[in-house]
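**Student:** Using the hints provided, position chains S and A with the ligands relative to the given structure of chain Y.
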Amino acid sequence: MTQAELQATANTPTHSPEPGQRKWWEYFTFNTDHKVIGIQYLVTGFFFYLIGGVLASAMRTELATPAPDFVTPELYNGIMTLHGTIMIFMWIIPAGAGFANFLIPLMIGARDMAFPRLNAVAFWIVPPAGILLLTSFFVKPPEAGWTSYPPLSETASKAGEFIWILSVLLFGTASILGAINFLITILKMRIPSMGFNQMPLFCWAMLATSGLILIGTPVLAGALILLAFDIVAGTAFFNPTGGGDPIVYQHMFWFYSHPAVYIMVLPFFGVASEVIPVHSRKPIFGYRAIAYSSLAISFLGLIVWAHHMFTSGTPAWLRMFFMIATMVIAVPTGIKVFSWLATMWGGKIRLNSTMLFAMGFISTFVVGGLTGVMVASVPFDLHVHDTYFVVAHLHYVLFGGSVFGIYAAIYHWFPKMTGRMLNEPWGIVHFVLTYVGFNLTFLPMHELGLLGMPRRVAMYDPQFAHINLICTIGSYLLAVSTIPFLVNAIWSWVAGPKAGDNPWQALTLEWMTTSPPAIENFEILPVLDIGPYDYGMGDRSTEVDVPFSEAKEPVLSAGPSSVLRADPDPSVAVNPSDRQPEE
Amino acid sequence: MNIPNTILAMLVGILLTLVSLWYGQNHGLLPVAASDEAAQVDGLFNTMMTVATGLFIIVQGTLVIAAIRFRKRKGDNTDGPPVHGNVPLEILWTALPAVVVAWISIYSFEVYNAMGGFDPMAAGDSHAAHMSASSKMRGAAIAAPLPAADAENPPASAPSPNNLIAVGVGASPANRGQNADVSVNVTGLQYAWIFNYPDSNVSSGELHLPAGKEAQLNISAMDVLHAIWIPELRLKQDAIPGRTVELRFTPRRVGEYPLRCAELCGSYHGSMATKLIVQTPEDYASWLQSQQVASNPSLEKAVAVNPGNLSDSDFLAPYTTEMGMNPETLHQIHHTHH
Amino acid sequence: MQGSTIDPSKTVVNYHHAAAATDSHHEEHHDFRILGLIVFLIAEGMIFMGLFIAYLTFRAVTPNWPPEGTPRLELLLPGINTTILIASSFVIHKADAAVKQNNISGLRTWFIATALMGAVFLGGQLYEYWHLEFGLKTNIFASTFYVLTGFHGLHVTFGLLLILAVLWRSLKPNHYNSEKHFGVEAAEIYWHFVDVVWIILFFLLYIL
Ligand code: HEM
Ligand SMILES: [Cu+2]
Ligand SMILES: [Cu+2]
Numbered sequence: 019m020t021q022a023e024l025q026a027t028a029n030t031p032t033h034s035p036e037p038g039q040r041k042w043w044e045y046f047t048f049n050t051d052h053k054v055i056g057i058q059y060l061v062t063g064f065f066f067y068l069i070g071g072v073l074a075s076a077m078r079t080e081l082a083t084p085a086p087d088f089v090t091p092e093l094y095n096g097i098m099t100l101h102g103t104i105m106i107f108m109w110i111i112p113a114g115a116g117f118a119n120f121l122i123p124l125m126i127g128a129r130d131m132a133f134p135r136l137n138a139v140a141f142w143i144v145p146p147a148g149i150l151l152l153t154s155f156f157v158k159p160p161e162a163g164w165t166s167y168p169p170l171s172e173t174a175s176k177a178g179e180f181i182w183i184l185s186v187l188l189f190g191t192a193s194i195l196g197a198i199n200f201l202i203t204i205l206k207m208r209i210p211s212m213g214f215n216q217m218p219l220f221c222w223a224m225l226a227t228s229g230l231i232l233i234g235t236p237v238l239a240g241a242l243i244l245l246a247f248d249i250v251a252g253t254a255f256f257n258p259t260g261g262g263d264p265i266v267y268q269h270m271f272w273f274y275s276h277p278a279v280y281i282m283v284l285p286f287f288g289v290a291s292e293v294i295p296v297h298s299r300k301p302i303f304g305y306r307a308i309a310y311s312s313l314a315i316s317f318l319g320l321i322v323w324a325h326h327m328f329t330s331g332t333p334a335w336l337r338m339f340f341m342i343a344t345m346v347i348a349v350p351t352g353i354k355v356f357s358w359l360a361t362m363w364g365g366k367i368r369l370n371s372t373m374l375f376a377m378g379f380i381s382t383f384v385v386g387g388l389t390g391v392m393v394a395s396v397p398f399d400l401h402v403h404d405t406y407f408v409v410a411h412l413h414y415v416l417f418g419g420s421v422f423g424i425y426a427a428i429y430h431w432f433p434k435m436t437g438r439m440l441n442e443p444w445g446i447v448h449f450v451l452t453y454v455g456f457n458l459t460f461l462p463m464h465e466l467g468l469l470g471m472p473r474r475v476a477m478y479d480p481q482f483a484h485i486n487l488i489c490t491i492g493s494y495l496l497a498v499s500t501i502p503f504l505v506n507a508i509w510s511w512v513a514g515p516k517a518g519d520n521p522w523q524a525l526t527l528e529w530m531t532t533s534p535p536a537i538e539n540f541e542i543l544p545v546l547d548i549g550p551y552d553y554g555m556g557d558r559s560t561e562v563d564v565p566f567s568e569a570k571e572p573v574l575s576a577g578p579s580s581v582l583r584a585d586p587d588p589s590v591a592v593n594p595s596d597r598q599p600e601e
Numbered sequence: 386m387n388i389p390n391t392i393l394a395m396l397v398g399i400l401l402t403l404v405s406l407w408y409g410q411n412h413g414l415l416p417v418a419a420s421d422e423a424a425q426v427d428g429l430f431n432t433m434m435t436v437a438t439g440l441f442i443i444v445q446g447t448l449v450i451a452a453i454r455f456r457k458r459k460g461d462n463t464d465g466p467p468v469h470g471n472v473p474l475e476i477l478w479t480a481l482p483a484v485v486v487a488w489i490s491i492y493s494f495e496v497y498n499a500m501g502g503f504d505p506m507a508a509g510d511s512h513a514a515h516m517s518a519s520s521k522m523r524g525a526a527i528a529a530p531l532p533a534a535d536a537e538n539p540p541a542s543a544p545s546p547n548n549l550i551a552v553g554v555g556a557s558p559a560n561r562g563q564n565a566d567v568s569v570n571v572t573g574l575q576y577a578w579i580f581n582y583p584d585s586n587v588s589s590g591e592l593h594l595p596a597g598k599e600a601q602l603n604i605s606a607m608d609v610l611h612a613i614w615i616p617e618l619r620l621k622q623d624a625i626p627g628r629t630v631e632l633r634f635t636p637r638r639v640g641e642y643p644l645r646c647a648e649l650c651g652s653y654h655g656s657m658a659t660k661l662i663v664q665t666p667e668d669y670a671s672w673l674q675s676q677q678v679a680s681n682p683s684l685e686k687a688v689a690v691n692p693g694n695l696s697d698s699d700f701l702a703p704y705t706t707e708m709g710m711n712p713e714t715l716h717q718i719h720h721t722h723h
Numbered sequence: 005m006q007g008s009t010i011d012p013s014k015t016v017v018n019y020h021h022a023a024a025a026t027d028s029h030h031e032e033h034h035d036f037r038i039l040g041l042i043v044f045l046i047a048e049g050m051i052f053m054g055l056f057i058a059y060l061t062f063r064a065v066t067p068n069w070p071p072e073g074t075p076r077l078e079l080l081l082p083g084i085n086t087t088i089l090i091a092s093s094f095v096i097h098k099a100d101a102a103v104k105q106n107n108i109s110g111l112r113t114w115f116i117a118t119a120l121m122g123a124v125f126l127g128g129q130l131y132e133y134w135h136l137e138f139g140l141k142t143n144i145f146a147s148t149f150y151v152l153t154g155f156h157g158l159h160v161t162f163g164l165l166l167i168l169a170v171l172w173r174s175l176k177p178n179h180y181n182s183e184k185h186f187g188v189e190a191a192e193i194y195w196h197f198v199d200v201v202w203i204i205l206f207f208l209l210y211i212l
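Chains as they are written, first to last, in my numbering: chain Y, 19 to 601; chain S, 386 to 723; chain A, 5 to 212.
Chain Y with its partners taken away, still in its complex shape (with noise of 0.2 Å):
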């Protein structure tokens, strides 16, 4: 018997007798059904991706020559203002919070969030705040970047910077919602056998998203009330000619915005660290130094925040404290990247669209890492802050990995929302088409800031052209790149193989109920049979296969008894020295 068939076997009570197929209109309703938020947060997020990539291209046709001849500068500067804040607001965080919907319920064995209603209410405010920053395109669009700096943010365009604020609180708000359910969802809702160390690694990368989007987002909200003030009422909370300080809003903003960036990557960390086990057939690598790592993420995330400021008049002292910070939070990153591809070596692993991406993801994501420690060093800051060399290295973390990340939980988790397959040979040409594309358009943006083109701008140097026509060709391939996606997605859904409950073979809960899972997910409260990565685990005696298993200290080696495993479920644990007494 394999782990898949022991756990689905311990879980066969659990297992409801029927699919729980929803009517296609009802993702347009006020429904409270994790599962159907989560697919709405998704949907919605890609519309959203598609629209901010329209943008995009607009923007890289711009830039294909020097000369501004495509739009005029202020709409360059408004459509780029909005790609940004679209892609952050209207994609990647509504993106994790549908993963996060739609998995964490049913990882932890609960029949829904904590509060179901509030769950649909946060995701009903994001539709309309995402069409109200769209309609600021019918007025004049804001023109000062997603970062919206005072004082140019309350002077050019007024009427969309409003607009823009109002759209991103009404955002915020919703942000906030959907943390406190998710906070509260895997903190008290978790099968009674489920303790901390054995929650699927997407909860702990969750439990660290939201605690940062719970302590960060107010502090945005409360910049975006002053400037609004500034706007609207013509205070000088950030206008220095009436005795404010520009400063002051940078601050507020990056106070925010620094974690937002983990608030981004986070979930697909956790994505990767579900997705890579279970397609190399291999436990995961270091569970706790992983989950472990999330929460030192964030916690550091919140104490770097004026890396973005270096060269706003910082004092020096400052500089170096946020330098050193920053720094130090490559560590536990590496940690996760080595985990991921310590789980991969030695593994049987499957080559499919799934794990392709998730390589992918590691492979540009790290290329991201490693231009971040760059731009933390002071020093070399000052030379390339606010240039393309900012853009490349953006873009590597944003879209490099959690892009590549969201596109390797669709692969994965495809089969469970919908029911059906994916196309696996389109999912390769898809993979393939993104990774050329993506590193054609944006490592040559490296070298385009490291040469002197600063960043935001319509028209630029003519020494630079054949660069940027080089980025331009590879972004028209990265919008190619969606559409075997998009047909692949649109035509299995109506018309894919059948999936049946885990075509994987994973070991995790959301795999023991049915494709798509039943109304209320579980008819009982399931139980973790096995740990949600004990893969390979059958013979014991395999344990001195593995490599620096003969270490003296039994808990220091690689085997299952290493300290480092998600701990076993005490009570219904398969092996019999892995159960511990109930106390």
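Calculated directly from the structure, the hints in this document are not laboratory data. Predicted, not measured: the structure shown is a model, and the values here were computed from it. Where is the CB? At the ideal position from N, CA and C, for every residue including glycine. Careful: at least some of the hints might be erroneous.
Below, in silico cross-link-like pairs of lysine-lysine (BS3-like), each with a Cα-Cα straight-line distance of 27 Å or less [to be verified]:
#1 S:660 - S:598
#2 A:184 - A:98
#3 A:104 - Y:206
#4 Y:516 - S:459
#5 A:104 - A:176
#6 Y:516 - Y:176
#7 Y:158 - Y:176
#8 Y:176 - A:98
#9 A:184 - A:104
#10 Y:206 - A:184
#11 S:457 - Y:516
#12 A:98 - A:176
From the derived model, a few chain Y residues whose C-beta atoms are all more than 12 Å from chain S [claimed, not checked]:
#13 149
#14 162
#15 313
**Tutor:** Just chains S and A with the ligands now, kept in the frame of chain Y:
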């Protein structure tokens, strides 16, 4: 583990080190360094690039090798070995990056110190004495008719209303405590830079500096945030309205270098560029003299701001009126300066 | 089938356990609403925290604080107001104690008292606004003053509405009892929160 494996690992390690070291020195990604400090920043970047190359190859190499060596073969439906972790390895890859980033931090700290980042003078705001240009600014076109500072319009000595602290990069340790050889007041406005030489009452749209002499820029902005960026000096500093920030450096290499705005300041941010012209001290002196003659108080000198290196200056013409500074802001500036 | 095999002899016991474990049905849906409210208030608190720190920063970077020409703030009326608000926190706690003893009329009395005190506070606040010699745009101090007190006032208003809603519901027989009184507790916690924020705010704006 058998011996050939160890040797193989060692060979790979040596090769990796060599490749990283080579690429770290020969990436060719940076423009020339026009000052000693810029060369030090390059040294720092090369070091980081070496480390990054090594790590990059390790990670991508592991991915590729894993994909080839450990891919699932047809018909093999077994799992991998139950490895759950390894504490010594875990400690190793926690400690090693920690040491590396600590080392990079210290290195950065030293380079920053050599650049003058810790000069306590740069923290003060004793030299907010160059807002004079703004007090008579009326026009708001790309070629603003700029009244040269003259006797009736002395540089305002009153510091900006809110005497805010802003810190740039000060004197390098060797020059600490003494005044810079050349002092220039820099004002950013939409979409031009104005360089005012207070010692000789000269205003210019390009920054001229003598090679080998320490220069001090006192940077401020009139309307919105701007940032002065000279890639060849590896230096950048935001220009913040209401504050004055000091930036000191010593250009070494004679030549013309681009000077660009690096903080989004409005639609034409991309065209807000001019030149830094580093001259021999003699050439610099004669330039200064010719400017002094030209900027006779009765003469209104148009400051050439549109970047010479932009071939497409023509497109700007139709927009010049739209590009004016916001009259309200301008009014407020006047208001607070009297 | 994938995966290595597991020795069934080792798992027999386990099925037994698994079967035992499945006996426990979904427990009744626990009430996490209080916890949810507290987490929400942490987030709310962070908005105020952000605004407080912004205020302190403006204060620190402005050479003269408050900027020249700002009239001194009167302490008497705000002092009385503060006392009333702090006292109301104790009053609302009485209501909570009452409902725990199934004393619904006590609950109503104390809630009416709290609502009155809250209304007096808001009235006092408006009176102060009316008589202040500076407006929203006078200077940076004035702006922060109005935004901070105004944002807090908004929260007091919301708390007041919450209290009135609970009062309205308490008219229905047995809507609240010693077992079931989430609304009462929520209103109380929210009111304490508003109170604590005011104490910090009062210290920052009037005393410091
Ligand atoms: C579809 C491929 C994409 C292309 C071709 C693209 C291209 C661009 C370009 C040309 C800019 C403007 C840079 C500048 O002028 O400074 C930009 C900015 C930005 N992009 Fe993307 N982008 C893409 C996807 C994404 C994704 C997936 C994200 C995810 C969050 C993202 C986030 C941002 C942000 C935050 C900015 C900065 C906006 C600002 O400066 O206010 N982009 N992108
Ligand atoms: Cu950051
Ligand atoms: Cu600019």
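**Student:** Take the hints in turn and mark each one as holding or not.
**Tutor:** Status of each hint after checking the structure:
{"no.": "1", "hint": "S:660 - S:598", "in the structure": "holds, 18 Å"}
{"no.": "2", "hint": "A:184 - A:98", "in the structure": "holds, 17 Å"}
{"no.": "3", "hint": "A:104 - Y:206", "in the structure": "holds, 25 Å"}
{"no.": "4", "hint": "Y:516 - S:459", "in the structure": "holds, 22 Å"}
{"no.": "5", "hint": "A:104 - A:176", "in the structure": "holds, 17 Å"}
{"no.": "6", "hint": "Y:516 - Y:176", "in the structure": "violated, 52 Å"}
{"no.": "7", "hint": "Y:158 - Y:176", "in the structure": "holds, 8 Å"}
{"no.": "8", "hint": "Y:176 - A:98", "in the structure": "violated, 49 Å"}
{"no.": "9", "hint": "A:184 - A:104", "in the structure": "holds, 9 Å"}
{"no.": "10", "hint": "Y:206 - A:184", "in the structure": "holds, 20 Å"}
{"no.": "11", "hint": "S:457 - Y:516", "in the structure": "holds, 23 Å"}
{"no.": "12", "hint": "A:98 - A:176", "in the structure": "holds, 21 Å"}
{"no.": "13", "hint": "149", "in the structure": "holds, 26 Å"}
{"no.": "14", "hint": "162", "in the structure": "violated, 7 Å"}
{"no.": "15", "hint": "313", "in the structure": "holds, 15 Å"}
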